[in-house]
Amino acid sequence: MATLELEKIFLQKIDGEVKIEPKDWMPDAYRKTNIRQVSQHAHSEIVGMLPEGAWISRAPSLKRKAILIAKVQDEAGHGLYLYSACETLGITREETINDLHSGKAKYSSIFNYPTLTWADIGAIGWLVDGAAIMNQVMLTRTSYGPYARAMVRICKEESFHQRQGFEILLVLSNGRDEQKAMCQDAIDRWWWPSLMMFGPHDSESTNSEQSMKWKIKRKTNDELRQNFVDMCAEQVKVLGMKIPDDKLKWNEERMHYDFGEINWDEFWNVVKGNGPCNKQRLEARKKAWDEGEWVREAAAAHAEKRKKRKAA
Amino acid sequence: MNNYLRKFYYGDIPEDKAGSNIVSSSAKSDWPLWEVFIRSKQGLDHKHVGSLHATDAQMAMENARDVYTRRMEGVSLWVVESKYIHASNPEEAGELFEPAVDKIYRHPTFYDLPDEVNQM
Amino acid sequence: MKQVLIDYTLHLADDSLILGQRNAEWCGHGPVLEQDIAITNISLDLIGQSRNFYQYAATLIGNDSTEDSLAYLRKEEEFKNCLLVEQPKGDWAQTILRQFFFSQYQYLLFQQLQNGKDEQLAAIAEKSLKEVTYHLRWSSEWVIRLGDGTDESHQRMIKTIDELWKYADELFSATSYELQVASDGAGIDVSKLKEQWMTKVKEIFSEATLPIPGKTFVQGGGKEGRHTEHLAYILTELQYMQRTYPGCDW
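Residue numbers (the numbering used here), protein chains in the order written: chain A, 1 to 312; chain B, 1 to 120; chain C, 1 to 250.
Hints are computed from structural coordinates only; laboratory data are not their basis.
Incorrect hints may appear among the rest.
Stated by the list, open to error - Below 16 Å or equal to it, Euclidean Cα-Cα: the simulated EDC-like pairs (lysine to aspartate or glutamate) are:
1. A/287 with C/25
2. A/63 with C/249
3. A/180 with C/249
4. A/308 with C/148
5. A/247 with A/261
6. A/310 with C/207
7. A/305 with C/207
Between the sequences and the hints, there should be enough to build the whole structure, so can you do that?
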């Protein structure tokens, strides 16, 4: 079949909300975009385990410890679902991991920030997972089948993440003065990076248009960011805390909250690799991978031996 | 400009603003890919839920249990090495599946029966 | 009588907590994603066990005792975990070997404890037995995989057997509180489990092409509060929040 004909069928599916599946014909750019987006989403889940995992050993109660382990485990699982989806696009997990370690592939910049106190764990749950959920709910309708299905599974698990984070902050906000201060401090540090999670302004987003046309993306960066601000501006009232933005104000005309401008210098710096934790995050992942080499080899070798013995 | 030559990035990060690029060596030990199917306690059939890497069926089963059943009660797990799955070719969908479409007499709704026996 | 039951329960709780804490250190650093999930699953199970035991101990102790006051406010010498579980996680070989030794022991222990006279301990043992069965299966397979894998993995296993073997004996040397609780029928005399444990370990080691060490100088005392230097570091992290912010809710 001629490429033009295949393209036509492809676009018909997109327009008709029919999912594109692994063996379907797809434009090379569509395949590449999905590989990049899905694998970077997967990397984010895995790298995200590090800032939160750091507090498992110091969780302030056994219940919180158990909850945090379960949550971080979920992140690993999410990474796995996404690597799975990625492999259906014709790339191996190893290749995607190499891209991560070489710096070629990105992961969500938010994880390049340090978790300095226990309250950070709450802030991450409320803000970071909250932002992620917004993005993810939208992605359950993405056009590539395996990606959409992975997102459905992830969304089911993700709401517990946001709730446990908010609960941590709620307990702090009702606690002693030092706990309240810890809570506000964490919100102060995580607010702006969370807004940055939605990416550059639509006007500076080089691929938004094509991603929207191919229904890889269903809402724009700014749209999602606005929804997020509106939601958090209300939720923060329950905590009795403040969002660190003196321009945050309800706009009756727009029926949305107005908010301040993101520090785009910081945004691009962190993306470029100059954030507080970029190096250590990547080094931790490389170390885990490199030090795990002998384990993977041994397991593969043993499986080979078993197969040979069985055949004999 | 041809759309299909453009590059796209997660979070819209153009490549010239990206970070360093250290080239790492590739590992030799790849674990095969396995597909996982789960039937829930009340379910009637096994559904495909995703894939994972494992060296043998035993490990694949345990990994599947760890990754995909943390929130489920009483399930049945199938794991199959991906290379053994044969999928129908979408390009052949026409010849494989369309002939069924116009044989509507295979559906019960095709038959108009008197009310007295319509529960059949 | 009651104090020995409390000590016994705390000992069981401490074993599970400290090992759960050690295993959780792998989170985000495992050799392969699927195994990261596996080891943290095991960690979660262990912490769950410890919580059950601590909650029971708290009711026995009364006053304002809670699972958290027991885990977060006792000092090293009050902890009754065995030395094996406080050893560092080491490399993957050390982690899975330590898990194998411990799970094989826990399996035999809980199998009997579920029929003990103390209803609570029996209930916890029965519930935990399923997950321990899984831990045992998972870790046994890894011992075999690494023992009979590559030269490197084999060497690492030899090294870690040498490292950990000295701590295995303590699992089976009964303290006085263990013996007293056992004589009441509520607990188990662990010295009676040693032979079976040895048999099972020999089986797995044989399939893994690993040697059973000869006579070794054994280390013990953890169950009586005499620990290695490791425990203090573990508790420093574990108890940090509650000690820095005393009397708060989390």
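To see whether the hints hold, each was checked on the structure:
Distance hint between residue 287 of chain A and residue 25 of chain C is fulfilled; the C-alpha atoms sit about 14 Å from each other, no more than 16 Å. Our distance criterion of 16 Å between C-alpha atoms is met by residue 63 of chain A and residue 249 of chain C, whose separation comes to about 12 Å. For the proposed pair residue 180 of chain A and residue 249 of chain C, the alpha carbon gap of about 12 Å is at most 16 Å, so the pair holds. Straight-line distance between C-alpha atoms of residue 308 of chain A and residue 148 of chain C comes to about 13 Å, which keeps the hinted pair within the 16 Å bound.
Simply put, residue 247 of chain A and residue 261 of chain A have alpha-carbon atoms about 9 Å apart, close enough for the 16 Å limit, and the pair holds. Restraint check for residue 310 of chain A and residue 207 of chain C: the C-alpha separation of about 15 Å stays at or below 16 Å, so the hint holds. Distance check on the hinted pair: residue 305 of chain A and residue 207 of chain C sit about 12 Å apart at the alpha-carbon level, within 16 Å; holds.
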